[in-house]
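Q: Sequence:
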Amino acid sequence: MGWSAIPAPMNAGALARGGFQAVCVDLQHGFHDEASMFASMQAVHQAGGSPGLRIPVGRFDLASRALDAGAQFVIAPMINTVADAQALVAATKYPPVGGRSWGPALALELWATAQSDYLAAANELVLTIAMIETVEARDNLDAILAVPGIDGIFVGPSDLSITLANGARIEATAPHVVDAAVAIGTAAREAGKIAGVYAFDADKAKAFFDRGFTLAAVGSDVIALKTAAAIGTAAP
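Everything in the sequence shown is counted per the numbering used here, starting at 1 for the first residue and increasing by one.
Just so you know, the hints here were simulated from the structure itself, not pulled from any lab data. There are no misleading hints in this set.
In silico lysine-lysine, DSSO-like type, Cα no more than 27 Å apart, as pairs:
#: 1; residue 1: Lys226; residue 2: Lys204
#: 2; residue 1: Lys206; residue 2: Lys226
#: 3; residue 1: Lys193; residue 2: Lys206
#: 4; residue 1: Lys204; residue 2: Lys193
Only a predicted model underlies this, so the values are computations on that prediction, with no experimental measurement involved.
The whole structure should be built from the sequences, with the hints applied where relevant.
A: Pasting the structure below:
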């Protein structure tokens with residue numbers, strides 16, 4: 001999965017054209033606003049990819065707006081409790097699973113489908129993914145996974161490492177943090193859910209896939225630009 005932090009629709013579309021099947025527009029730590037999110041998701045769709053987003057902490061209302069605009073998945077950070085997971089599902093799934101309000105005007109156009117068909121399919125086709133990135137969330141993992149409407153989890157190694165160290169340090173790629181992430185992914189997979197993780201590069205993504213993850217974000221557009229610039233400016 002590609003990761004879009006730069007608020008430029010052309011960049012998001014390029015990630016999809018470059019081979020990523022899905023592109024996540026990041027509104028938590030990325031620099032997108034709502035306008036660039038909508039435009040970037042359309043660019044991803046036009047490039048043949050599956051557009052989605054990471055919402056800011058607690059912005060479940062934004063999840064509903066993005067779904068109405070054609071998002072195919074929502075990643076929500078800091079889902080630490082069952083109540084957090086239930087609030088996420090309430091905004092992303094139609095009844096009887098959740099309480100999402102009807103109004104997917106742009107989604108209907110992008111998906112080229114009738115209202116009745118979208119309503120019947122949306123709860124299964126639109127993925128609701130909870131970020132597990134704290135010790136509290138890890139300890140509540142089984143209960144979070146059991147919430148109807150949660151389709152999968154997404155591990156945030158950086159925040160997980162901070163909470164494992166009680167705020168003393170950040171060490172997202174340390175072996176004990178990777179092992180903790182893998183344990184979370186294994187529990188998700190055994191529960192029949194998507195097991196996702198943020199990986200910082202392709203090698204780390206492959207290592208996570210080798211240990212059972214089914215979804216990985218590979219760096220970001222910012223990292224890709226920096227890497228390309230370093231290659232381009234390297235001494236011959």
